[in-house]
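Engineer: Single-letter residue listing:
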Amino acid sequence: MLRAGCQLFNPSTVAAAKTGSNNFALEFVRWRRKPRWLPVAKSKVFRVPERKKQSEEERTELMRLHNNYKTQLRSVRQYLREEVVRQQETSTADHIVFTPEQEEAEFQRCLEVNAAWNAQIAKEREVRLAKEREEKVAYIQERIEAGKLRAEEQRERADQRIRHEIEQSKTFITRDNLDAAIETALANPVDHNYALDLEGNMLRGRTTQSLTS
Amino acid sequence: MSQKVIKYIGRTTDFRGNTLWEIVGNLSDWGIGRMVIRNMFQRYPEPCYMRILKVQAVNEQPDNERKVRVTVEKTWRGVTQPKPVEIYSTSYKADYELVPVDQEHKFLTNTKKVEPVVLPTKMELPPLLREYIKDETGDANPLINVHFKKTHNKLARLAQAGEQPTRQLSMDVGQPAKVSAKLYDGLL
Chain A
1097 MLRAGCQLFN PSTVAAAKTG SNNFALEFVR WRRKPRWLPV AKSKVFRVPE RKKQSEEERT
1157 ELMRLHNNYK TQLRSVRQYL REEVVRQQET STADHIVFTP EQEEAEFQRC LEVNAAWNAQ
1217 IAKEREVRLA KEREEKVAYI QERIEAGKLR AEEQRERADQ RIRHEIEQSK TFITRDNLDA
1277 AIETALANPV DHNYALDLEG NMLRGRTTQS LTS
Chain B
-12 MSQKVIKYIG RTTDFRGNTL WEIVGNLSDW GIGRMVIRNM FQRYPEPCYM RILKVQAVNE
48 QPDNERKVRV TVEKTWRGVT QPKPVEIYST SYKADYELVP VDQEHKFLTN TKKVEPVVLP
108 TKMELPPLLR EYIKDETGDA NPLINVHFKK THNKLARLAQ AGEQPTRQLS MDVGQPAKVS
168 AKLYDGLL
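Those sequence lines, one after another, are chains A and B.
According to our numbering, the first sequence is numbered sequentially starting from 1097.
According to our numbering, the second sequence is numbered sequentially starting from -12.
Source of the hints: derived by calculation from the structure; they are not laboratory data.
Mixed in with the good hints, there may be bad ones.
One side only, chain B facing chain A, incomplete, derived with CB under 8 Å [to be verified]: (1) Arg(-2); (2) Thr(-1); (3) Val66; (4) His134; (5) Val166.
Covered stretches of chain B (in silico footprint by chain A; criterion: 3 or more residues with CB under 8 Å from a CB of chain A, positions within the stretch not fixed) [said to hold, decoys possible]: (6) 12 to 18; (7) 157 to 163.
For every residue, glycine included, the Cβ atom is placed at its ideal position computed from N, Cα and C.
Model the full assembly from the supplied sequences, consistent with the hints where possible.
Structural biologist: So, in structure tokens, the structure goes:
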């Protein structure tokens, strides 16, 4: 039984067994009902709730009372709201009240202070911008110098490489000395094989002459 | 053989009639120019009817009654709205009924009007607040403005300057209507 509330003040043995209570301690069980997430009970699935008929007089009277109440409530709320607005407009509790001349003077003073601030910031800004400009000029100059140096070095390296190649080209095998080179190669076969002995000596060549024996 | 008795099971409803789509979808030219009524509004003695001006079909949604977007000229309690009204969100309600052309005169010749309700512009304050305001302002009988917001379907209005209101508003239970007077027998 979900609704065990009626048994609380007259605890029978069943209820006592269910809740684990005894006759001395009064135990309150609140919200003893079906949890919301459980589906409709099997016995209630096909139950059709009865529609209560309201009599004409009751309906009319309830409607009148309801309308009456709403009008009263809204009127009072409107009155209170208007009163708050009225008080905010006329009250001087939370701000200082000025005459128009005072207000104008205050505004002029604010303008002057603002202009002074602006002038000061402009001065600071000019100094800062000049400094930044100088720094930028110096930086660019430095970069240009470095670029020139780098180009010079590159050219130097290239020249050196060309000179080296020219030097090397004296020993190149061309069409003219091809036959001689072949002859030389055939006359001096090179063997790249080698053997190691236990002392770690390298013994180059097997049958022919080695490169550096 | 005895007459077969139909036994209805389930919740009862006050609606009577068809959905608007069931009516409009079966008529030639979508029933433009025809008169439809809401049966729920036939409780008023004044004529309540609508005349169809424009119909836009809307796709059927699964598991829902089919809706339809219908623009009507609406007459409610004997007052014809100045602007056409669009019915969409309530079009699924099975409470509409088509009026046959030869029956339309019943509504058109019904010239009953709602008796005008003129509300007062001033109202007394609730007792405790009244005492406070008396103390603050020194006014012996302070009054507040009556809150009233005019909308398209409200037939009451606030009294003009110098006009006599037809209804009195007070900060108490007020006088019950004649119909429900016997609820207060021996109480008032």
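Engineer: Run every hint past the structure and note whether it holds.
Structural biologist: We went through each hint and held it up to the structure:
no.: 1; hint: Arg(-2); in the structure: holds, 6 Å
no.: 2; hint: Thr(-1); in the structure: holds, 6 Å
no.: 3; hint: Val66; in the structure: violated, 19 Å
no.: 4; hint: His134; in the structure: holds, 4 Å
no.: 5; hint: Val166; in the structure: holds, 5 Å
no.: 6; hint: 12 to 18; in the structure: violated (count 0)
no.: 7; hint: 157 to 163; in the structure: holds (count 4)
Of the numbered hints listed earlier, those contradicted by the structure are 3 and 6.
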